[in-house]
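Student: Position chain B against the provided structure of chain A, taking the given hints into account.
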Amino acid sequence: MSGNGNRFPRGQAAIVGIGCTEFSKNSGVSTFALATRAIRAAVADAGLGIGEIDGFCTYGTADSVSPNLLAQAFGIQSLNYYVDQYLGGSVSMSVIGQATLAVSAGIADCVVCYRAINGRSEIRKNGAGAGPARAPWDIQFKMPSGYMVPAQEMAMNARAHMLRYGTTSEDLGRIAVLSRTNALDNERAMMRKPITLDDYMASEWIAEPFHKLDCCLETDGAVAVVIVNAERARDLPHRPVLIQGAAWGGGISIANNGFDELAESPARPIAERLFNAAGMGAEDIDFAEFYDCFTYPVLSQIEGYGFCKAGEVPDMLKDGAFDRAGGKLPINTHGGLLSEGYIHGMNHVYEAVQQIRGDAAHRQVKKHDVALVTGQLGYVSGYSSATILRGA
Amino acid sequence: MAERLVKPIPDRDTVAYWQALADGKMVVTHCRDCGHWTWPPRPICSGCHGDNLALDEVKGTGTVYSWIVVHRSTTPDMMQYVPYTLALVRLDEQADIYIPGRFISDMDVRRGMKVRVRPERITDQLGDLAWTTEGMPA
Chain A
1 MSGNGNRFPR GQAAIVGIGC TEFSKNSGVS TFALATRAIR AAVADAGLGI
51 GEIDGFCTYG TADSVSPNLL AQAFGIQSLN YYVDQYLGGS VSMSVIGQAT
101 LAVSAGIADC VVCYRAINGR SEIRKNGAGA GPARAPWDIQ FKMPSGYMVP
151 AQEMAMNARA HMLRYGTTSE DLGRIAVLSR TNALDNERAM MRKPITLDDY
201 MASEWIAEPF HKLDCCLETD GAVAVVIVNA ERARDLPHRP VLIQGAAWGG
251 GISIANNGFD ELAESPARPI AERLFNAAGM GAEDIDFAEF YDCFTYPVLS
301 QIEGYGFCKA GEVPDMLKDG AFDRAGGKLP INTHGGLLSE GYIHGMNHVY
351 EAVQQIRGDA AHRQVKKHDV ALVTGQLGYV SGYSSATILR GA
Chain B
1 MAERLVKPIP DRDTVAYWQA LADGKMVVTH CRDCGHWTWP PRPICSGCHG
51 DNLALDEVKG TGTVYSWIVV HRSTTPDMMQ YVPYTLALVR LDEQADIYIP
101 GRFISDMDVR RGMKVRVRPE RITDQLGDLA WTTEGMPA
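Heads up: the protein sequence lines correspond to chains A and B, in order. When we follow our numbering, the leftmost residue of the first sequence carries the number 1, and every step to the right adds one. When we follow our numbering, the leftmost residue of the second sequence carries the number 1, and every step to the right adds one.
Bound-form chain A, shown alone:
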């Protein structure tokens, strides 16, 4: 049957190059410049030339450089493929899936997926600077009441989980501390000062039950990855990182009639389709880079992707199940959006590729063949996306 993920071109494309810029509070340059730097680095890492690029896939909220401008800048006469996907973290892994479809179908030979963002120094979606013309339609039913940013929406769902399962602030705090701990020895990370659970509890409220340390960073920077077909990948310098599966589509939001439990993980449907696409299950995943715009979505995704039953994450956190060194399922090994930086999820792909290659140095996890990398789990826009990467 088509439509359940089974016909995804499993393992037929591979990430062969990765590149990034510095992650900072103020890049001092345009998103155009950031994108070109990350793309140049990624293509060089792949052992390829700029002239071989024939596709670009990106996403954003009208806050970044588009594929046509990059084609002009790089002297690409005609792209064979492009995606300029509207929206943010929810669609972050859809570009990986789209590039895989294009490359495996032979529509394009060398597709670069990128995200360039001046999230700290320039514009951010839903901020006061964003024009209403680009605001999603459903925002109008929240924003007059001052209910308009993802921190507030995710906090509303976190409260529902607390009411149903007894989840506490300390449980969420352990996710913040884990992420920070993983960032300490990451040379790319913006936040390299240790935090304790006490620091977390003492950090100011943003949208109760979310403290400041439940919220991710705002970052200037760019990440790019190069995708070619799996056969060609074998001749390139690095261990090919195969796109074993990808899924993207509708998730769940409060505007879905018929949905009646906000404590339930909205990641479930995308998880099921992703595992079908990959021909794998949760037990096959060695480590995971979860989209962590806030702490709670990490908890919800661990449940939604089937690594445990609902309500079991707090005890697993206490037992170190997700610790980078020695955990059963190391997560957010670079510090994530919470502590490495917010390149809208594309930095998760960069880290996963480094880990799969065995190039993560002091951050290297022991089992590093299969990674789950996710986009936003579906609460905010109703979209979600995710991919499973496997070392060849």
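Keep in mind that a hint or two might mislead.
[Unchecked claim] Okay, the calculated beta carbon distance ranges per label pair:
#	chain 1	residue 1	chain 2	residue 2	range
1	B	Val15	A	Arg232	47 to 57 angstroms
2	A	Asn26	B	Arg110	52 to 62 angstroms
3	B	Met107	A	Ala202	41 to 51 angstroms
[Unchecked claim] From chain A, some residues computed to sit far from chain B (all C-beta separations above 12 angstroms):
#	residue
4	Asp45
5	Ile50
6	Pro67
7	Ser78
8	Leu101
9	Arg120
10	Ser121
11	Ile139
12	Pro144
13	Ala155
14	Arg159
15	Leu197
16	Glu204
17	Pro237
18	Arg239
[As the list claims (entries may be wrong)] DMTMM-like, lysine to aspartate or glutamate: derived pairs with alpha carbons at most 20 angstroms apart:
#	chain 1	residue 1	chain 2	residue 2
19	B	Lys7	A	Asp138
20	A	Lys367	A	Glu261
21	B	Lys114	A	Glu261
22	A	Lys366	A	Asp323
23	A	Lys25	A	Glu52
24	B	Lys114	B	Glu57
These are computed hints drawn from the structure, not numbers from a lab. None of the values given here were measured: they were computed from a predicted structure. A virtual CB, placed ideally from N, CA and C, is assigned to each residue, including glycine.
Tutor: Frame of chain A, contents of chain B only:
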């Protein structure tokens, strides 16, 4: 009249919804064929996918499902209210409709609390809603 810098941007699907709130009424899209309520006011019934729809006034009552307390305002005009409570309310007409709004009460918010709508006039054409409890001024 409430002073608001951030206002709804009505379109052809939503102008009557915001007008009703400005006029002190809460209306929800109601299907003439199957009786299903659809919120937000979409141009199609989410129950039967027909378009024999009307905006009907609802009782304006519901129960609190979840809530947050906003300490950091994201819009300049909400700064005066910080910290304010936002409640997600399940409408009595249909349990799968959750409508967010500012919670205004002298009681502590909790799940299951009965609330009723308090429309707020922003302009002659635009309204908003808040949720309040019995005994609070309308």
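Student: Run every hint past the structure and note whether it holds.
Tutor: Going down the list of hints, with the structure as the test:
no., hint, verdict
1, Val15(B) x Arg232(A): 47 to 57 angstroms, "holds (54 angstroms)"
2, Asn26(A) x Arg110(B): 52 to 62 angstroms, "violated (44 angstroms)"
3, Met107(B) x Ala202(A): 41 to 51 angstroms, "violated (29 angstroms)"
4, Asp45, "holds (38 angstroms)"
5, Ile50, "holds (40 angstroms)"
6, Pro67, "holds (29 angstroms)"
7, Ser78, "holds (37 angstroms)"
8, Leu101, "holds (29 angstroms)"
9, Arg120, "holds (16 angstroms)"
10, Ser121, "holds (18 angstroms)"
11, Ile139, "violated (9 angstroms)"
12, Pro144, "violated (4 angstroms)"
13, Ala155, "violated (4 angstroms)"
14, Arg159, "violated (5 angstroms)"
15, Leu197, "holds (20 angstroms)"
16, Glu204, "violated (7 angstroms)"
17, Pro237, "holds (46 angstroms)"
18, Arg239, "holds (44 angstroms)"
19, Lys7(B) x Asp138(A), "holds (13 angstroms)"
20, Lys367(A) x Glu261(A), "violated (35 angstroms)"
21, Lys114(B) x Glu261(A), "holds (19 angstroms)"
22, Lys366(A) x Asp323(A), "holds (12 angstroms)"
23, Lys25(A) x Glu52(A), "violated (33 angstroms)"
24, Lys114(B) x Glu57(B), "holds (19 angstroms)"
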